[in-house]
Structure formats: structure tokens, C-alpha cells
Amino acid sequence: MNIQIRPVLTALRRHKVGTLLIALQIGLTLAIVCNALFIIHQRLANLSQVSGVDEADVFVVANYWADVNRSTEQVDAQVRADLIALRQLPAVLDATPASGYPLRGGGWDNFVTMTPDQVKPTTDAAVYTGDEHFIDTLGLKLVAGRNFRPDEVMAMGTQQAITPPTAIVSKALAERLFPDGNALGKSFYAMGATPSTIIGIVDPLHRQGVDQWSNSHAGQALIWPLRADDSKGIYYIVRARPGQLADAMREAPKALYAQSRLRIIDPKDGVQDYATIRHKVYDSDRGMVILMGVICAVLLAITAAGIVGLTSFWVGQRRKQIGVRRALGARQRDILAYFLTENFLISATGVALGVVLAFAFNLWTVARFALDRMSLGYVGIGVVVLLLLGQGAVLAPALRASRVPPIEATRSV
Amino acid sequence: MFAYYLRLGMNSLRRSPALTLLMVMAIGIGVAASMITYSVFRAVSGNPIPGKSARLFTPQIDAWGPQQNLRGEPAEALGYIDAMALMRAHEGKRKTLLYPVQLSVIPGGNRDLPLNASGYAVTSDFFAMFDVPFRYGSGWSAQDDDAHANDVVISSGLDQKLFGGADSVGRTLNLGGHDYRVVGVASHWNPRPRFYDLFSTSGFADEPDVYMVFNRALDLQMRTGGRNSCRGSLAYTSWQGYLQSNCVWITPWVELDSPAEAEGFRRFLTNYAADQQRAGRFSWPPNVRLRDVVQWMDYEQVVPPESRISLAVALGFFLICLVNTIGLLLAKFMRRAGEIGVRRALGATRSEIYAQYLVEAGTVGLAGGVLGLLLTAVGVSGVGILFQPEIARLARLDPSLVGLTLAVAIAATVLAAFYPAWRAAHVQPAWQLKSS
Numbered sequence: 000m001n002i003q004i005r006p007v008l009t010a011l012r013r014h015k016v017g018t019l020l021i022a023l024q025i026g027l028t029l030a031i032v033c034n035a036l037f038i039i040h041q042r043l044a045n046l047s048q049v050s051g052v053d054e055a056d057v058f059v060v061a062n063y064w065a066d067v068n069r070s071t072e073q074v075d076a077q078v079r080a081d082l083i084a085l086r087q088l089p090a091v092l093d094a095t096p097a098s099g100y101p102l103r104g105g106g107w108d109n110f111v112t113m114t115p116d117q118v119k120p121t122t123d124a125a126v127y128t129g130d131e132h133f134i135d136t137l138g139l140k141l142v143a144g145r146n147f148r149p150d151e152v153m154a155m156g157t158q159q160a161i162t163p164p165t166a167i168v169s170k171a172l173a174e175r176l177f178p179d180g181n182a183l184g185k186s187f188y189a190m191g192a193t194p195s196t197i198i199g200i201v202d203p204l205h206r207q208g209v210d211q212w213s214n215s216h217a218g219q220a221l222i223w224p225l226r227a228d229d230s231k232g233i234y235y236i237v238r239a240r241p242g243q244l245a246d247a248m249r250e251a252p253k254a255l256y257a258q259s260r261l262r263i264i265d266p267k268d269g270v271q272d273y274a275t276i277r278h279k280v281y282d283s284d285r286g287m288v289i290l291m292g293v294i295c296a297v298l299l300a301i302t303a304a305g306i307v308g309l310t311s312f313w314v315g316q317r318r319k320q321i322g323v324r325r326a327l328g329a330r331q332r333d334i335l336a337y338f339l340t341e342n343f344l345i346s347a348t349g350v351a352l353g354v355v356l357a358f359a360f361n362l363w364t365v366a367r368f369a370l371d372r373m374s375l376g377y378v379g380i381g382v383v384v385l386l387l388l389g390q391g392a393v394l395a396p397a398l399r400a401s402r403v404p405p406i407e408a409t410r411s412v
Numbered sequence: 000m001f002a003y004y005l006r007l008g009m010n011s012l013r014r015s016p017a018l019t020l021l022m023v024m025a026i027g028i029g030v031a032a033s034m035i036t037y038s039v040f041r042a043v044s045g046n047p048i049p050g051k052s053a054r055l056f057t058p059q060i061d062a063w064g065p066q067q068n069l070r071g072e073p074a075e076a077l078g079y080i081d082a083m084a085l086m087r088a089h090e091g092k093r094k095t096l097l098y099p100v101q102l103s104v105i106p107g108g109n110r111d112l113p114l115n116a117s118g119y120a121v122t123s124d125f126f127a128m129f130d131v132p133f134r135y136g137s138g139w140s141a142q143d144d145d146a147h148a149n150d151v152v153i154s155s156g157l158d159q160k161l162f163g164g165a166d167s168v169g170r171t172l173n174l175g176g177h178d179y180r181v182v183g184v185a186s187h188w189n190p191r192p193r194f195y196d197l198f199s200t201s202g203f204a205d206e207p208d209v210y211m212v213f214n215r216a217l218d219l220q221m222r223t224g225g226r227n228s229c230r231g232s233l234a235y236t237s238w239q240g241y242l243q244s245n246c247v248w249i250t251p252w253v254e255l256d257s258p259a260e261a262e263g264f265r266r267f268l269t270n271y272a273a274d275q276q277r278a279g280r281f282s283w284p285p286n287v288r289l290r291d292v293v294q295w296m297d298y299e300q301v302v303p304p305e306s307r308i309s310l311a312v313a314l315g316f317f318l319i320c321l322v323n324t325i326g327l328l329l330a331k332f333m334r335r336a337g338e339i340g341v342r343r344a345l346g347a348t349r350s351e352i353y354a355q356y357l358v359e360a361g362t363v364g365l366a367g368g369v370l371g372l373l374l375t376a377v378g379v380s381g382v383g384i385l386f387q388p389e390i391a392r393l394a395r396l397d398p399s400l401v402g403l404t405l406a407v408a409i410a411a412t413v414l415a416a417f418y419p420a421w422r423a424a425h426v427q428p429a430w431q432l433k434s435s
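So the protein sequences, as listed, match chains A and B.
Under numbering that gives the first Met the number 0, the first residue of the first sequence is numbered 0, with each subsequent residue one higher.
Under numbering that gives the first Met the number 0, the first residue of the second sequence is numbered 0, with each subsequent residue one higher.
Do not rely on the hints blindly, as some may be mistaken.
Stated by the list, open to error - Which residues of chain A face chain B? A few of them, derived with a C-beta cut under 8 Å, are:
# : residue
1 : 66
2 : 121
3 : 163
4 : 260
5 : 301
By construction, these hints were calculated from the structure, which means they are not laboratory data.
This structure is a prediction, so every number in the text was calculated from the model and none was measured.
The C-beta atom is built at its ideal place from N, Cα and C for all residues, glycine as well.
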């Protein structure tokens with residue numbers, strides 16, 4: 000089939016504004032769709048980050064102490080009693096005290112250095128505290144070394160900054176500190192005057208935060224054998240027996256109140272399972288995915304409808320010319336090809352404009368929000384989608400045009 | 000004439016319902032997307048204290064030095080040593096220090112379980128500086144600050160919970176095992192974003208329940224219930240050790256009435272930092288900041304990037320809808336070139352044709368606006384699935400948003416119709432009549 004581009008261009012010159020509007024619309028749509036796809040893909044990647052926690056059976060109790068005047072010894076005694084009570088519950092497999100938990104949405108993190116007097120930190124690690132039950136309760140996978148021994152666990156009061164001599168670190172932190180491997184048995188400093196020696200490595204273990212700062216230190220975390228006996232409160236991370244999560248979540252606060260009533264466990268969100276924790280921490284990511292998805296879909300629909308509308312108008316305007324061409328021997332598929340070519344030329348112009356706009360928008364987000372640069376792939380997908388969309392949208396009016404009978408040439412209107 | 004154009008417009012719109020529907024939907028959806036994201040943006044980017052935002056400043060002093068500070072910027076809060084030095088100085092009309100405290104109301108009366116009560120340790124100027132409204136009583140005095148008094152101001156919410164909403168001034172309250180005297184009950188007060196504590200909150204926390212005397216909180220060795228940020232090696236084992244550490248956790252604010260006063264205070268900060276350098280506490284030249292409320296909110300990036308990006312994308316979306324509308328209106332108007340020719344030949348002037356088609360576009364805009372309003376109402380109520388609940392709660396469909404939605408829809412459509420209507424007005428009557 001011999002497609003003539005020159006007559007198409009000549010005709011388009013008579014519809015400058017209409018042509019320009021469709022091209023502009025396609026360009027803008029491409030710019031938005033590429034960036035939206037890019038945002039969706041990034042946010043979806045966030046949503047599926049692994050925590051390392053056995054999320055199906057684990058929940059967290061946020062326990063505040065009502066009486067803030069107790070000594071560290073008194074708080075520690077209460078914490079130990081609470082843990083015994085929790086571990087004895089029939090639906091509970093294990094429990095640990097904690098100062099934070101993965102995906103909490105921010106919390107304690109320390110700079111890490113290789114020597115005590117190093118000023119610029121080597122990296123930053125999320126800090127978890129717990130006793131010898133921490134790893135088993137969360138269901139973390141110990142890939143090297145050993146767990147804490149009960150005699151290694153220390154009590155830390157509100158006004159104390161304690162650096163335990165041992166630590167278990169995430170594989171990501173171990174590799175960041177000791178790129179050559181063999182992190183086991185080596186030591187580091189985490190804002191303390193004394194070192195901590197790595198006795199075990201777990202993998203994976205997500206940080207508490209999911210923000211940009213955390214993502215730039217992804218997976219770098221350390222666990223210290225500490226009962227954080229803060230006078231304000233403590234978290235209890237609890238692992239239910241398989242399938243008994245609901246029972247355990249109901250029993251746990253009751254058991255704790257039975258130990259002492261001078262505590263506050265918020266009836267609304269004091270006890271949260273991991274589904275809730277994950278849902279909450281990724282709120283804005285999920286929101287962006289939904290919003291961008293809806294905008295993409297609606298945008299493509301509107302652009303397609305716009306192309307159909309304007310092309311139909313052109314077809315209506317040119318019925319007579321089409322009739323003349325048909326009478327002069329043009330076949331139906333020549334007419335069809337004419338409109339498809341016309342649309343392709345317009346779309347290609349729009350797409351070229353759109354590629355520029357897409358990168359401009361992306362550069363703005365990079366400069367303004369320090370987001371990542373968009374890879375070429377997204378623009379490639381966008382270009383293909385919009386060219387196909389244009390051809391698809393123009394098909395119906397073009398088919399209608401191809402069915403214009405040659406007799407039209409003889410009609411006066 | 001307007002009514003006649005309106006009737007003509009309606010007729011024309013009815014003649015091609017698919018095209019009309021397409022335009023109305025494009026405008027409706029476009030305007031709704033913009034308005035939903037704008038309602039959130041408006042809520043998070045508003046000035047929380049418009050009357051005074053240019054007179055309230057938060058001082059920053061770099062106590063960490065160039066190696067450990069925030070890429071050249073001083074820490075976002077002060078440590079104990081610098082905060083106290085700031086308080087002792089005589090510069091500034093009013094000054095306050097504050098940090099979040101986490102307390103609990105000990106059971107008593109008919110309650111058998113303790114209640115959470117979060118709030119702030121503040122100094123006496125806090126209430127006057129930030130225009131805290133009172134239902135009963137008032138804040139405390141500077142003498143009470145010096146006397147480390149056990150005074151508290153409680154929120155009307157806590158007053159309702161504990162005292163049934165009665166005037167509780169003078170009553171005693173046991174918080175975390177200590178007795179406090181209620182001196183005031185604040186009316187509902189929760190400026191958003193919470194400009195005065197952007198160090199510990201993202202700016203959208205629930206209303207605080209209680210405000211206590213800063214010095215009293217220090218006496219009780221209350222650690223901050225919010226953020227605490229430190230540098231270097233930490234080895235404190237006592238409250239005193241913690242206070243002397245480089246940890247920052249106190250937010251300071253000063254009220255300065257004129258640019259000259261602000262300049263004076265900036266000089267004071269620089270001199271203070273220079274003194275610290277001379278005394279050997281800082282081994283770096285003065286690095287201080289004095290940001291007002293708006294500058295501080297901007298520096299702390301109160302508006303979540305999600306909100307800005309979605310607003311930008313939604314506006315781009317609306318722009319596309321408008322381009323789409325221009326194209327469709329052009330098609331629609333030019334299809335009636337013959338009709339225009341007849342009207343022009345019968346004596347209608349160009350401006351009359353112009354007016355007629357703008358009115359027609361206005362009707363489309365109005366219909367799009369109404370559809371947009373419905374979609375906005377649905378969207379704003381469902382915005383909780385798009386943004387964090389504490390932010391989504393702020394998005395509301397109030398009269399100003401309703402007005403704005405309709406106005407934007409109509410104005411944008413009429414604007415979009417300028418070119419197509421101009422083309423319609425310039426149709427050559429003779430040519431049209433001849434070919435028909």
C-alpha cells in the first residue's frame with residue numbers, strides 16, 4: 000500500500016489549530032502518564048518491601064506506664080513479670096520487650112563508626128532493643144552467628160545511654176561495615192565510647208522508618224540486648240501460635256492489666272497486628288498509587304475520546320473530498336490509510352513534545368523533592384501506549400470515512 | 000438577549016449529546032481532580048497563625064559543628080545548655096521554650112484506669128505568644144516559671160473528660176503520680192500545621208491535652224516525649240549527664256515586633272555563638288539561623304511531597320481536559336458554519352455571534368462544574384484512601400471550595416471557548432451561503 004504523506008501534510012496545514020490541539024493534548028498526556036507510571040512503580044516497590052518479620056502471627060502492644068516516678072529497677076521488675084505473663088498465655092508462642100519495631104514509621108537510629116573518635120559516621124543504623132527472645136518472636140532469620148544469651152541482656156533506664164558489648168546486625172549493615180565479609184566477631188561503635196561486637200547476623204530486617212532517609216540506609220539495622228525500661232512506656236512484641244492471632248491479641252492486654260492496672264494500652268490502637276502496621280506506614284504510598292492510577296486511566300480515556308471527537312468532525316467536513324477521491328479511484332483502504340497516517344503524524348509530533356515535557360516534569364520532582372530520575376523505559380512505554388491509543392481512537396471515524404460512497408462527490412453539500 | 004443565546008446554546012448542545020457529554024465529563028473530572036488535591040494542599044500549606052507569623056521566630060544555634068551538623072545547617076532544635084542561655088538573655092519581647100511531654104492521668108473518682116495525656120512543657124510566654132484562647136482561667140506568670148510551680152493548663156477536651164466541662168480552675172490533677180493545680184482551660188486550639196513543634200511532629204498531630212511549667216518538667220527529670228537527636232559518642236548515665244550532652248530536644252521561640260528587633264536578635268545569637276567559640280565550647284565560627292513561621296515551615300517541608308506532586312499532576316490533568324475542550328468546541332462551532340453564515344447575513348454582528356458562543360460554552364462549563372462538584376464531594380469524603388488520616392481529615396468541602404469549583408469550571412471553559420468563538424465569529428457569510 001502506497002501511503003502518500005505529502006497530501007496529508009497539505010491537508011493538515013488547513014487545520015493548523017485542530018492539529019496543534021491534538022498534538023498538544025497527546026504531548027501533555029504522555030508527560031503525565033509517564034511520570035504517573037514511574038511514581039506508581041516506585042510506590043508499589045515500597046509497598047512490597049519485606050520487613051523480615053513473620054507478619055502473619057506477630058502483633059505489637061504499645062504499653063504506657065501511668066506512674067512515671069518508678070525507679071529503673073521497679074520498671075524492670077514489672078517488665079519481666081509482664082513478659083512471663085504474656086509467654087504463659089495459651090495462644091502466645093513468644094514475646095519480647097522492645098523500644099521499636101520494623102515498619103513503625105520512624106524511631107531510634109544511631110550513627111555507626113569504625114573507631115570511637117571517628118567524626119564522620121560510616122553509616123546509620125536503625126536501633127532495635129530486645130531480650131534473647133527478640134529474634135524468635137519476630138521470626139527473623141539468623142544467617143550467621145548466634146542469638147543473645149540471657150546473661151547478655153541488660154536493663155537500660157530512662158536517663159542512661161548504654162552500649163552493650165554485643166550486637167546482632169542485619170546483613171545489610173554487616174556488608175556496609177565490612178564489605179569483605181566476615182563481619183562476625185568484628186566490632187563497631189554506635190555513638191558509644193565502647194564497641195559492640197557482632198555475634199549474629201539476621202537477614203532481612205527492615206528499619207523502623209520508610210522515609211527517604213531510611214531508604215537511603217535500607218535494611219541497615221542493629222539489635223542490642225537491652226530491656227529498655229523507660230519510665231514512659233515500652234512495646235511488647237508478641238508472636239501468636241499459628242492461627243491464633245485474634246485470640247492472642249484479645250488475651251494479651253487482659254493479661255497485662257491483670258499484672259498491674261497502672262498502665263495505658265489504648266483501646267483503639269494500643270494493640271496492632273502487622274497487617275495494620277504495614278497498612279498505616281504505607282498510607283501515602285498506597286494513596287499515590289491509587290490516585291496516579293485513576294488519573295492515568297481517565298486521562299487516556301479523555302484523550303482517546305477527544306481524538307475520536309475531532310477526527311469525526313474532520314471526516315464530516317471532508318465527506319465531499321472523500322467522495323471525490325473515491326470517485327477518482329481511491330479504494331476504501333486508501334481512505335482508511337489516509338486517516339491513520341494523518342493521526343500517526345499528529346501523534347508523533349505530540350509524542351515528541353511529550354517526551355520533552357515528561358523529562359521536564361521529572362527533573363522538577365528531582366530538584367524539588369529529591370526523587371529519583373525516571374528511566375527511559377517509562378517514556379518508551381508511554382510513547383507506545385499513546386501511539387497505539389491514537390491509532391485505536393482514530394479507527395472508528397476512519398472506517399466511517401472509508402465507507403463514504405463515491406456518489407457524495409456529486410452532492411452539493 | 001442572554002436568555003435567547005442560552006436557548007440557542009441548549010438546543011445546540013442537545014443536538015450532539017455525545018460531544019456535549021464528553022466535554023462536560025472532561026471538565027467535571029478535570030476540575031474535581033484539581034479541587035480534591037487542592038483541598039488537601041490548602042489544608043497542609045495554610046498559614047496557621049496569619050496575624051503573627053512574621054513576628055514569631057525560632058532561633059537555631061549550631062552546637063554540632065561543620066562535621067556533624069545537617070549539611071551546613073544547624074540542628075532543628077536546641078540542647079539544654081543553649082536553650083537555658085537563650086532564656087536568660089534579655090533580648091526579645093517574649094520568649095518560650097517547649098518540648099513534648101507524655102503524661103498520664105492517674106485514676107481517681109469513678110475512673111479505674113489511667114488516661115493518656117500528652118502535651119508540652121512550656122514557659123509562661125507561650126500562651127500570649129501563640130494567642131492560645133482560654134475558656135476558663137489563664138496561663139501562668141513569669142513568677143510561676145521561676146517558682147517551678149506545679150501549674151497546668153488543660154485542654155477543654157481533657158476538662159470535659161475529667162471535670163465534665165466545668166470550670167476546673169483551682170482543681171487538683173494527678174499526672175503521672177504528681178499533683179498539679181489547674182490554672183486555665185484552653186478552648187479548642189490546635190493550629191495546623193503545628194508550626195511551634197515541627198521538630199517532633201509532622202505538623203498534624205491531635206490537640207495536646209496539657210501544658211505544664213517547663214522548669215517543673217525539668218525538676219521531675221521528664222525526658223522528651225518527642226524527638227531527641229544527638230551526635231558523637233554518648234555515655235551519660237544520669238539526668239545531669241543528659242542535660243550536658245549535645246542532644247537537642249528543646250524548641251525555642253521568640254516574638255520580635257520589627258525587622259530591626261529581628262536584626263538585633265540575630266546579632267545577639269551570633270555574639271552568643273562567638274562567645275561559645277571563645278570559651279572553647281564550639282571550635283567553629285558562629286552558625287546561627289532565625290527563621291519566622293513561614294520560613295520555618297518551608298525549611299521543615301511541612302507540605303508532604305505527595306501533596307505537591309498530586310496537585311501538580313492534577314493541574315496538568317485539568318490542563319489536558321481544557322485543551323481537549325478547546326478542540327471539541329472548535330469542532331462543534333465550526334460544524335455550524337452554515338448556520339452562522341445565515342445569522343450573519345440576517346444582520347447579526349460579529350460580537351453577537353461571539354457572545355452567543357461564549358454563552359453556549361458557559362453552559363457547558365456550568366454543567367461541568369456541577370458534575371465536578373459532585374465528584375469533588377465524593378472525592379473529598381474518600382480522600383482518606385489517598386492521604387494519611389491525620390491529613391485527609393483536614394480536607395473539607397466548605398462553601399469556599401464549592402464556589403471555587405464552580406468558578407474554575409465556568410471560567411476555564413469560557414476561556415477555552417475564546418478561540419473557537421473567535422473563529423465562529425469570523426465565518427464569512429457570503430462563502431457559507433454560496434456553498435449551501
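Evaluation of the provided hints:
1. Interface hint status for residue 66 of chain A: upheld, as the beta-carbon distance to the closest one in chain B is roughly 5 Å, under 8 Å.
2. The beta carbon of residue 121 of chain A comes no nearer than 14 Å to any beta carbon in chain B, farther than 8 Å, and the hint placing it at the interface is violated.
3. Annotation: residue 163 of chain A was flagged as interfacial toward chain B, and the flag is violated, the nearest CB pair being 13 Å apart, outside 8 Å.
4. Contact between residue 260 of chain A and chain B, as hinted, is supported at the beta carbon level, the nearest pair being about 6 Å apart and thus within 8 Å.
5. Here the hint on residue 301 of chain A is kept, as its CB sits about 5 Å from the closest CB of chain B, short of 8 Å.
Of the numbered hints given earlier, the model fails hints 2 and 3; all others are met.
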